[in-house]
Amino acid sequence: AQSVTQLDSHVSVSEGTPVLLRCNYSSSYSPSLFWYVQHPNKGLQLLLKYTSAATLVKGINGFEAEFKKSETSFHLTKPSAHMSDAAEYFCVVSVPPGGAGNMLTFGGGTRLMVKP
Amino acid sequence: GAVVSQHPSRVICKSGTSVKIECRSLDFQATTMFWYRQFPKKSLMLMATSNEGSKATYEQGVEKDKFLINHASLTLSTLTVTSAHPEDSSFYICSANEGLAGRSTDTQYFGPGTRLTVL
Chain A
3 AQSVTQLDSH
13 VSVSEGTPVL
23 LRCNYSSSYS
33 PSLFWYVQHP
43 NKGLQLLLKY
53 TSAATLVKGI
63 NGFEAEFKKS
73 ETSFHLTKPS
83 AHMSDAAEYF
93 CVVSVPPGGA
103 GNMLTFGGGT
113 RLMVKP
Chain B
1263 GAVVSQHPSR
1273 VICKSGTSVK
1283 IECRSLDFQA
1293 TTMFWYRQFP
1303 KKSLMLMATS
1313 NEGSKATYEQ
1323 GVEKDKFLIN
1333 HASLTLSTLT
1343 VTSAHPEDSS
1353 FYICSANEGL
1363 AGRSTDTQYF
1373 GPGTRLTVL
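Sequences listed follow chains A and B, in order. Numbering-wise (the numbering used here), the first sequence opens with residue 3 and increments by one. Numbering-wise (the numbering used here), the second sequence opens with residue 1263 and increments by one.
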């Protein structure tokens, strides 16, 4: 079985300061890990994904995440927050397929608020 | 990147009526699509896996007779909420894999969601 825990339900930062959204996972397999962002009343947009290549993954909009197997973590970071980054962020682990199509397990989500 | 669309984006209906939501992969084929439900300020809950040309696989606790899923082609899956009630009001989101092989490394692309309100 696999699970994903996002350690903070809410994170508030000031514009221009660094962002850290924490994610821990558990999986019986070598996981594929994703970060998605969801703006209000919108669908989910892929930020980045880890698929056993480089442990430091760079995504869109200046976000990056580092896969640390020893810590079972996949924290999302950004050096400088922008007002447009305010949204809900989901850490996701992919279940190896037992049939056609992989299945995703979602973390509970972290709401990022950016103050001017 | 791959694009998934949903229609309608928003629907309001009376209790007891049925509502159909379409999910389309616009520029790729998807053997498998997924249907999620999201409650306010909550994470996504997988409802069912939609398989092209075969029956959908429902998650535990999801009524298959209430949430009818049809995956008629490699680019279209539909979710029909039958005899809708106010407690079915929610945000419904579909997704599709970019790859036909269904590998765990495949990216899932999500539709923009459909907000259903049942009066």
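Keep in mind that the hints were calculated from the coordinates and are not lab data. Mixed in with the good hints there might be a few duds.
Straight-line alpha carbon distances no greater than 20 Å define the calculated SDA-like cross-link-like pairs of lysine to any residue that follow [to be verified]:
1. B:K1304 to A:E90
2. A:K117 to A:K60
3. A:K44 to B:K1276
4. B:K1276 to B:L1338
5. B:K1303 to A:S86
We went through each hint and held it up to the structure:
no., hint, in the structure
1, B:K1304 to A:E90, "10 Å, holds"
2, A:K117 to A:K60, "24 Å, violated"
3, A:K44 to B:K1276, "24 Å, violated"
4, B:K1276 to B:L1338, "26 Å, violated"
5, B:K1303 to A:S86, "19 Å, holds"
Hints 2, 3, 4 from the list above are not met by this structure, while the remaining hints are.
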